[in-house]
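Novice: Letter by letter, the chains look like this.
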Amino acid sequence: MHRVRRWGPGLLLVSPSLIALGVFVYGFLGWNLRVSFTSWRGLAPTYDNVGLRNYRALADDERFVLDVKHVLVFTLVFVAGSLLLGFVMAVLLERGVRAEAVFRTVFLLPMAISFIATAIIWRWLLDNGGGEQTTGLNRLFADAGLGALRSDWHKSDSVWAIAAIALPAGWALSGYVMALFLAGLRGVPDELREAARVDGANEPRVFWYVVRPMLLPVVMSAVVILAHISLKTFDLLYAIDGKNINVDVPALYMWFTTFDGGFYARGATIATLLLLGVALVIVPYIWYSVRSERRR
Amino acid sequence: MRRTFRRVLVLGVAAAVAAVPACSSSSDDSGGAADGGSKIEVFSWWTGPGEEDGLNAMIADFKAKNSGIEFINAAVSGGAGSNAKAILAGRLQAGDPPDSYQRHAGLELQDDIKASKVQDITYLYEQQGWKDVFPQGLVDKLTIDGKIYSVPVNIHRSNLLYSNPKVLSEAGIGAPPKTWTEFLGQAETLKSAGRIAISIGPVWTQKHLLENVLLGELGADRYERLWDGRLSWTSSEVLAALETYKKVLSYSDISAASADWQPALDKLIDGAAAYNVMGDWADAYLSGTKKLTLKQGYDVVASPGTDGVYNFLSDTFTLPVGAKNKAAAEKWLVECGSKAGQDAFNPKKGSIPARKDADRSLYKGYLAGALTEWQKPSTRIVGSLAHGVVANNAWNAEIDTALGLFARDGDVAKFAASVQKSWEATK
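Sequence lines, in order, name chains W and A. With the working numbering as the guide, the letters of the first sequence map in order to residues 44 to 339. With the working numbering as the guide, the letters of the second sequence map in order to residues 45 to 471.
Here chain W stands alone, though its shape is the one from the complex (with noise of 0.2 Å):
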């Protein structure tokens, strides 16, 4: 009874959000789970269980398979530039430039705007019209004499044209990422660097054995969140270039499968193989992080 009061309040008070926690996302994830063992397809749901067949069909699916191919790239391609990216831009301005606020809220605003804004910008800049029908990026190279840098960017064939998506999305969110380095960067004690300095350590000493180490749990959160971000990502290539299989991902293939084509259970199956996929990336973290706070 006595424990009761202790904790009684507090749950009562997290309840209302446990309640829509668990009807609203694990509620549905089950119901989601539960759709990707059936053979549901058109409108009229069938509660039937056909097993593993829906998975075994999308390790045979060819869309598919190109599909977890172009994730992946882009993953690869978009994580790493937005942390180098970041990063570069968090060292400059802890160098103490004039005007640092500016720069700061000059960097951040791309990721204010929508990703469907940012694809309808992007879509134009990436355009890969030939000569004078050419218009953004290219434009700008053919005009700068830069030609031999023109591209077909996502429109090109090889798989690795999804990485041209990376350029919109890294600009979405680079300005993010700097801003998590550059608190990382601020969190540094100056006590800590001023003694490395008097123990004769160089700038790129100091910041290999004093800063870096400090920077880990940074890049730890940065990296987790970019992942699961691009992982996810739908909005930015539905608007840039939805039906093009050059940049399809799962998360397309899900959508228009489900909603074009009535395909529910193989929909379903998409959607929980990406639920696996992020938490890949997220449980190993989270555990991490909990362990890492339990020693503290």
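Heads up, some of the hints might be wrong.
Once the Cα atoms are required to be at most 16 Å apart in a straight line, the calculated EDC-like pairs of lysine to aspartate or glutamate come out as [as the list claims (entries may be wrong)]: (1) W/198 - A/343; (2) A/210 - A/343; (3) W/286 - A/304; (4) A/458 - W/104; (5) A/392 - A/170; (6) A/334 - A/351; (7) A/392 - A/403; (8) A/383 - A/403; (9) A/375 - A/170; (10) A/458 - W/105; (11) A/235 - A/214; (12) W/198 - A/304; (13) A/129 - W/303; (14) A/420 - A/401; (15) A/291 - A/170; (16) A/458 - W/103; (17) A/400 - A/176; (18) W/198 - W/170; (19) A/392 - A/97; (20) A/383 - A/105; (21) A/465 - W/105; (22) A/465 - W/104; (23) A/465 - W/103; (24) A/251 - W/303; (25) A/375 - A/114; (26) A/471 - A/272.
Hints in this document: simulated from the structure, not taken from any laboratory. Keep in mind that this is a model prediction, so the values were computed, not measured.
With chain W's structure known, arrange chain A on it following the hints.
Specialist: Same frame as chain W, now just chain A:
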């Protein structure tokens, strides 16, 4: 993942919110109004210029004939109807249908029929004598397993070849091609003159081109047999037609495909491209938006090998199972099929009426010729693939996938095999 769920949830909530006023007000009605069914909710994706004007004209005519019925226009904009379809799917699954909703004529409706979401309205056809005023070829396409489930309002034509006369004369080409083989010859000439022979847009325009190459190469009879399984996609004649399609694509700008059909036509207008295959809604864009004159700024003929064939698509309205105001919905369907309704709608939308007895004086320019062609008894009517007439949604979506992969690898045999396989799986 979680975001995906949120999307579905948002759709669901949106549908629920949309439904709440309809539910509550109709229950108010049954208590208050004595005549009953004094309200009707009609769901469509007609929100763009032209089509919305047409819908409003038809609504006005409906109201004049049925005073006392309150009309609720539940049109949903965006995504060329795909947003509307996603919301509609949610409402149908939740057992909360509008009183009538829009679908393309033909097998696009098959899912709804299989899931028992729409009612057989053959009795309305008999009562209104529609089987005599719609061309037989159209009635055949509307009939699914012996029953008819929707009323066509308009007719569009898919098999048209648009061209830029100036580009053709500069390249020394006398007239648009009569066959795809002739087209390929001209394409070589155009290519050496530095022009794109045929401009192309997103995947659905590629599918639109595919159906018309198949129609031109196979002829109307064999084209029709492709869709009901009587002609295999892997047969030698179909493979040959697909090879032709592949060659046509090689003269297109598919590697720099336009984002939509209008930009693809823009390339034709400014002379970068010579030809474009598009449906007759392009006419409203070329003569209306772009203010071009037929024969001077642009020209249009039946796509190669399809003279005398009308590859049609049509917007139709249905009677859903569980419609709350069935009597009013029937009146709306009667309006959709009526001469007055179709003549109010079509001149504004830029399409022709499905009825054979429409008032010809209302249709000018391209539409006048199209109407003559449609009403000619010798005209052969076949249905469009890209616009939902001859393939159900599932097969159509699988063809999208196969076509996307085909654009990457150009493997004709694999494409044919996968289309044939998905036909088996989705029929």
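Novice: Decide, hint by hint, whether the structure agrees.
Specialist: Right, here's what the structure says about each hint:
Among the hinted pairs, residue 198 of chain W with residue 343 of chain A is inconsistent with the structure: their alpha-carbon atoms are about 30 Å apart, more than 16 Å. For the given pair, residue 210 of chain A sits about 10 Å from residue 343 of chain A by alpha-carbon distance, which is consistent with the 16 Å threshold. At most 16 Å may separate the alpha-carbon atoms for a hinted pair to count; residue 286 of chain W and residue 304 of chain A meet this at roughly 11 Å. Of the pairs offered as hints, the one joining residue 458 of chain A and residue 104 of chain W holds, with about 13 Å between alpha carbons and a cut-off of 16 Å not exceeded.
As the CA atoms of residue 392 of chain A and residue 170 of chain A are separated by approximately 29 Å, the hinted pair breaks the 16 Å bound. A C-alpha spacing of about 27 Å is found between residue 334 of chain A and residue 351 of chain A, which places the hinted pair above 16 Å, so the restraint is violated. A threshold of 16 Å between alpha carbons decides the hint, and for residue 392 of chain A with residue 403 of chain A the separation of about 14 Å falls inside it, so the pair holds. Restraint check for residue 383 of chain A and residue 403 of chain A: satisfied, since their Cα atoms lie roughly 8 Å apart, inside the 16 Å limit.
Restraint check for residue 375 of chain A and residue 170 of chain A: the C-alpha separation of about 15 Å stays at or below 16 Å, so the hint holds. Under the criterion of a C-alpha separation no larger than 16 Å, the hint pairing residue 458 of chain A with residue 105 of chain W is consistent with the structure, at around 11 Å. As the CA atoms of residue 235 of chain A and residue 214 of chain A are separated by approximately 13 Å, the hinted pair is consistent with the 16 Å bound. A hinted pair counts as satisfied when its Cα atoms are at most 16 Å apart, and residue 198 of chain W with residue 304 of chain A qualifies at roughly 15 Å.
Simply put, residue 129 of chain A and residue 303 of chain W have alpha-carbon atoms about 9 Å apart, close enough for the 16 Å limit, and the pair holds. Distance restraint check for residue 420 of chain A and residue 401 of chain A: the Cα-Cα separation of roughly 12 Å lies within the 16 Å cut-off, and the hinted pair is therefore satisfied. The hinted pair formed by residue 291 of chain A and residue 170 of chain A fails the criterion: a straight-line CA distance of about 47 Å is larger than 16 Å. Note on residue 458 of chain A and residue 103 of chain W: the hinted pairing holds, with a Cα-Cα distance of about 14 Å set against a maximum of 16 Å.
Straight-line distance between C-alpha atoms of residue 400 of chain A and residue 176 of chain A comes to about 9 Å, which keeps the hinted pair within the 16 Å bound. Restraint check for residue 198 of chain W and residue 170 of chain W: the C-alpha separation of about 9 Å stays at or below 16 Å, so the hint holds. The straight-line distance between the Cα atoms of residue 392 of chain A and residue 97 of chain A is roughly 6 Å, inside the 16 Å bound, and the hint therefore holds. Simply put, residue 383 of chain A and residue 105 of chain A have alpha-carbon atoms about 11 Å apart, close enough for the 16 Å limit, and the pair holds.
Only pairs whose Cα atoms come within 16 Å are accepted, and residue 465 of chain A paired with residue 105 of chain W is accepted, the gap being roughly 14 Å. Between residue 465 of chain A and residue 104 of chain W the alpha-carbon distance is near 13 Å, which keeps this suggested pair within the 16 Å criterion. For the given pair, residue 465 of chain A sits about 14 Å from residue 103 of chain W by alpha-carbon distance, which is consistent with the 16 Å threshold. Only pairs whose Cα atoms come within 16 Å are accepted, and residue 251 of chain A paired with residue 303 of chain W is accepted, the gap being roughly 15 Å.
With a CA separation close to 12 Å, the supplied pair residue 375 of chain A and residue 114 of chain A stays within the 16 Å bound. The hinted pair formed by residue 471 of chain A and residue 272 of chain A meets the criterion: a straight-line CA distance of about 9 Å does not exceed 16 Å.
The structure does not agree with the numbered hints 1, 5, 6 and 15 stated previously, though it agrees with the rest.
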